[in-house]
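Undergrad: Residues per chain, in single letters:
There are 6 protein chains.
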Amino acid sequence: MRLLIINPNISQSVTDLIEAEARRTVAPDTQILMATAQNGVAYIETRFEALLGGHAAAVIAGEQLGNYDAVIVAAFGDPGLLALKEVLDVPVVGLTEAALMTAAQLGQRISIIAISHRITSWYRECVEQNGLLGRLASIRHLDRPLRDAGSVQQDHAQRLLELSQLAIREDGADVLILAGAPLAGLARGLAGQLPVPVVDGVSCAVAQAQLLHRLQAGLAREGSFARPPAKPNQGLPAGLQALLTQA
Amino acid sequence: MRLLIINPNISQSVTDLIEAEARRTVAPDTQILMATAQNGVAYIETRFEALLGGHAAAVIAGEQLGNYDAVIVAAFGDPGLLALKEVLDVPVVGLTEAALMTAAQLGQRISIIAISHRITSWYRECVEQNGLLGRLASIRHLDRPLRDAGSVQQDHAQRLLELSQLAIREDGADVLILAGAPLAGLARGLAGQLPVPVVDGVSCAVAQAQLLHRLQAGLAREGSFARPPAKPNQGLPAGLQALLTQA
Amino acid sequence: MRLLIINPNISQSVTDLIEAEARRTVAPDTQILMATAQNGVAYIETRFEALLGGHAAAVIAGEQLGNYDAVIVAAFGDPGLLALKEVLDVPVVGLTEAALMTAAQLGQRISIIAISHRITSWYRECVEQNGLLGRLASIRHLDRPLRDAGSVQQDHAQRLLELSQLAIREDGADVLILAGAPLAGLARGLAGQLPVPVVDGVSCAVAQAQLLHRLQAGLAREGSFARPPAKPNQGLPAGLQALLTQA
Amino acid sequence: MRLLIINPNISQSVTDLIEAEARRTVAPDTQILMATAQNGVAYIETRFEALLGGHAAAVIAGEQLGNYDAVIVAAFGDPGLLALKEVLDVPVVGLTEAALMTAAQLGQRISIIAISHRITSWYRECVEQNGLLGRLASIRHLDRPLRDAGSVQQDHAQRLLELSQLAIREDGADVLILAGAPLAGLARGLAGQLPVPVVDGVSCAVAQAQLLHRLQAGLAREGSFARPPAKPNQGLPAGLQALLTQA
Amino acid sequence: MRLLIINPNISQSVTDLIEAEARRTVAPDTQILMATAQNGVAYIETRFEALLGGHAAAVIAGEQLGNYDAVIVAAFGDPGLLALKEVLDVPVVGLTEAALMTAAQLGQRISIIAISHRITSWYRECVEQNGLLGRLASIRHLDRPLRDAGSVQQDHAQRLLELSQLAIREDGADVLILAGAPLAGLARGLAGQLPVPVVDGVSCAVAQAQLLHRLQAGLAREGSFARPPAKPNQGLPAGLQALLTQA
Amino acid sequence: MRLLIINPNISQSVTDLIEAEARRTVAPDTQILMATAQNGVAYIETRFEALLGGHAAAVIAGEQLGNYDAVIVAAFGDPGLLALKEVLDVPVVGLTEAALMTAAQLGQRISIIAISHRITSWYRECVEQNGLLGRLASIRHLDRPLRDAGSVQQDHAQRLLELSQLAIREDGADVLILAGAPLAGLARGLAGQLPVPVVDGVSCAVAQAQLLHRLQAGLAREGSFARPPAKPNQGLPAGLQALLTQA
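Line by line, the protein sequences are chains U, Y, R, E, V and W. Sequential numbering of the first sequence, starting at 1, is according to this note's numbering. Sequential numbering of the second sequence, starting at 1001, is according to this note's numbering. Sequential numbering of the third sequence, starting at 2001, is according to this note's numbering. Sequential numbering of the fourth sequence, starting at 3001, is according to this note's numbering. Sequential numbering of the fifth sequence, starting at 4001, is according to this note's numbering. Sequential numbering of the sixth sequence, starting at 5001, is according to this note's numbering.
Derived from the structure by calculation, the hints contain no laboratory data. Here a beta-carbon is modelled for each residue, glycine too, at the ideal position from N, C-alpha and C. Some hints here could point you the wrong way.
Quick partial rundown of chain W residues pointing at chain V, CB under 7 Å, derived from the structure [as the list claims (entries may be wrong)]:
| no. | residue |
| --- | --- |
| 1 | Ile5010 |
| 2 | Gln5012 |
| 3 | Met5034 |
| 4 | Gln5038 |
| 5 | Arg5047 |
| 6 | Leu5051 |
| 7 | His5055 |
| 8 | Ala5157 |
| 9 | Asp5171 |
| 10 | Lys5231 |
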């Protein structure tokens, strides 16, 4: 199986974190193809940045068409995820979606630990779009400026642990999601120190993508995830053009 | 007041329909600036097409920065709407949002009449994102292929009237929204023939944009509609770059 | 356009505050007709008081029948609003409804700042009746006794500002509503001092009433806002009788 | 125990139906005091008519103050119910509320059978205000004009039975409510003919009022059902004045 | 009327508390039959313990078949309640269900006071299953270890009072439920000391069971509370076997 | 990895269907251990039957303690699932939960195809307990009596296909779940004939159980899925006793 993992922001250091965690999770027979957005911002925290990231992810998905059996959009918040599902005939997985659907099997109420205050509104809307707001116990977040997206885990380890404990004791969380690609791999590190199950988006997404690939559940030829109806288009980058004109 | 109206799809004939309805609604002292997406598809019915439309709308909003006092994203479904609200210091209005908030003052339960089956899933998600799913009585839709987005009103007048009556009598609608730019102006034509109030997105959006401009409610310097935090970006079209680097 | 603004409580000082803010907002060609409830209480904070206010508002609407093109029920909580919509052929607008539908276009999550603890339960139910509970970030309130409904703004300016800031920072509000006729005009005063958009019910209601009047969306001859079915009645004040026996 | 049953519409024939069913249900030691609205309409089907009925019911409750140990507002839709709970120190029970809370103990999903199409919107809003919309399977209704509110049961017996069966088989109802005072007593008659439990509002309200009286759960001195804060009032009928000025 | 009250946990001391409160509430012509689970745990706080308790309650209900006219499952959280309703032709009442439906007639927003932190998750799910999560103001709980389920009321009286006051003042509760059989009777004791109505599950359940018995609303022969379809079974205790093979 | 799959009903023919589908899905290094309930009914369609099945499943899980790395409760409706998660230190997966969480990654709106009318109420409640009612498009069901749980697929193939198509075209389903162990494997057979993705519970549960085992997300030592607090118990079968007294 060939798995395309798209980092929809432009930071190679974040791509590296994602790749490292993906490689810890992936099955031996899965080939990973990493890609980093060619345009956009260093880290996605808002709806506008997600619009940029979703577009950049789609361009990559189109450029690589034929080279993969499943795709991961590797930013929590899942920029462009539902759009890509319409145009691709392979499973498309998002970090939030995969983490929520995995966490939901480990506990009834879920808390998300995030890396900034600003990002929490966008995350909340993403949980709501997944239809799981009723199972969200809380979103807790770091409240100090980040020195570097690549070193969040080291810089804020103690505070992340405290936030996790507050989510459990104050908010009623049964399970935690450490959210955002900069925290990729941290769940693995904290698992022993926390009294509830904890997951991160990258490993969940890799595992769910493999699962969906193996299930071969069939393609959407009708319903709202069928390909968009054929119609004129113009002015699009080659990648996007490719997605609209598949046989 | 200068009002930028962006058609996020590439069809000049739809832009013309939008403009005609906008001019019927607009106040004498409002100047209208029309713009048509330079890239994308002929008509937006799906999430992927909305991703293209939202991106194209943002490019235009950035290119025209400084030339307008309010913006309308003139496709029902509101592609890119929340994203643009983050980066602009003027009111940004969507057709769905404006129609819903207007209709909600005319009746408790709202039905939407749409031009295709495919488009209804996207519309429903948009109503949900507006938080008004509890007030949605139904979405009814034309079920025959459209000959031309520019002549839907003439080709399907009788069926649109029947759908409206079904929404009232079967679904409990108190008020109707004729949805989608190709139906712009139809509400005006049918008003006398229908036994409940009926609105369309274009006239609602023009009226609400003028209202918001006059209220001068203040800018978002905090909260989730403040500008995205400053951070590196790369590879963006000039319009998008402009939106990220405003003083 | 002739706009009837009904203060459903008996306080002339509150009517004056409402009128002053209405005159700041209104279009030049709109004539304002103010009316104060002839019976009821000094200030509406509860469901029982709202029942009194709704009845008194309906009496006035009936007595003035034919003298207006739109009506505003000018108490936050909207006493009698849906009832009046059934019997009047002109737009009827409430402060809560208008403020919510306006605020919802300025931000995703809305906080309400209220003048007493007691009033918050009634407000919350009103938000729920509008179907927008999912977009309510919080209701914050003054917690000290009010010296005078007419001087709340001066007496509590600093605390109102603090409450607004808490709503933004603690509750995730993107936009604020300063609620209740005694706060009419305060949004205008605070706009520069708050980091998010802020609206009040009076100016929103005036603006939305004008908007609905201009749209001429059509009358409800079916659906749940059509006139009540003709049937015997007895013992009603002339104003209410007039509403039931219109041609 | 003295039980005041207020018919909030002006029809003595409906009062008689209510009384007959109440007497079939009531405990031997309960005295029933019937009262009919002195002003209002013949039958309440809409929000405006409910505003009239709620006001008329409050006047009666005030005039009879001291003469009862519990009150029933005896129209489905519960006009004025929450308002009266604020000002009275005895249990106040509504037909919809009592029927819903009783039915909810007999089945998970509830259908309501109503006597007209128009009335269904108001009923639905009342179910929503009770917070039980999630348990509503459907509202089915007679669709032919009523000859007489007093003879609905005889005139439409067969159709009421058919509607009940459709609610069970098509809508998934586990339990039925025959709604509206004109159907008072019909549940008793149909019980043997229907394959699920069936209740009506009058007998539920009488039974729940007795239950609440016996429980003596305590008075609301705080919270949103405490008496409205003391404040000036003017121009009110003696009954309403009495409610506001209790010791 | 013969009323079977099943304590689904194995503690005779809790059965005694339940019986004492039941006897304070019950009508003179009702005979009470107490039963204590023969297997299970000392006190039910979790879903697993509820599974044990529901099974044990069903065994008793089957063993006593024919000896009662109504059944109460006397643990807050209602283990096995919906299951028993399917197989019994008499009313089956749960403490949570009865307390919620009673409290909902005394106030709009309800708080529950519980005896341990652990128990709150299960209670919340039970409120949600009743469809009343929207009316739940909060669940507050004792946070110190219980010395003895039989003496909670004495040991923690002051803290229970404080929790009640916090629920009213901080959470907006209009009415309180003192939850869990170990608190049976406490509501009666605190009623005078609390400024809102307060109920407990046992007295509500007894009263509602009597009410449902008197209403004789009819049996479920269709719908989801009809008896399970006839089919082979094996290996069941005599009590359960009896429930499946009734004529 | 050792995977215990418990059929919570007593039908060996259903166990065989489950096993066959499980073996088609399972990874080469996973050992399957099948178990069939020793007591209960032939097929679970109702809440009471689920209570029996949940209890029987728990007994097996306790008897086999130490012999498995993950457990599947292999009846759609997930009897006993949340209870078992509390007492086991390994992943516990249910057919409904696993199918929903998988389907939710393949489409926004999900329809369930069920084998009887009666079973649909219980399924709907299970979807609601999973918090995904908002994503349920419909539950469609066979409406003719089943000749044999083991031959449903052959007997009703054409009707199952028709129901699937109705769910897509009438109800807006993007993805289908063929529900109930008797349909195990059918999704695989129909995949090519249906225009949307289709999954079944058994293969989803096997795949998700393997995924959760590999993620090693950590144990619940706090929160509502920690072990029940230690306390006296009595009279339990050895299996259940074992679950309560683990080190």
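Undergrad: Taking the numbered hints from earlier one at a time, note which ones the structure violates and give those numbers from smallest to largest.
TA: Of the numbered hints, 2, 3, 8 and 9 do not hold.
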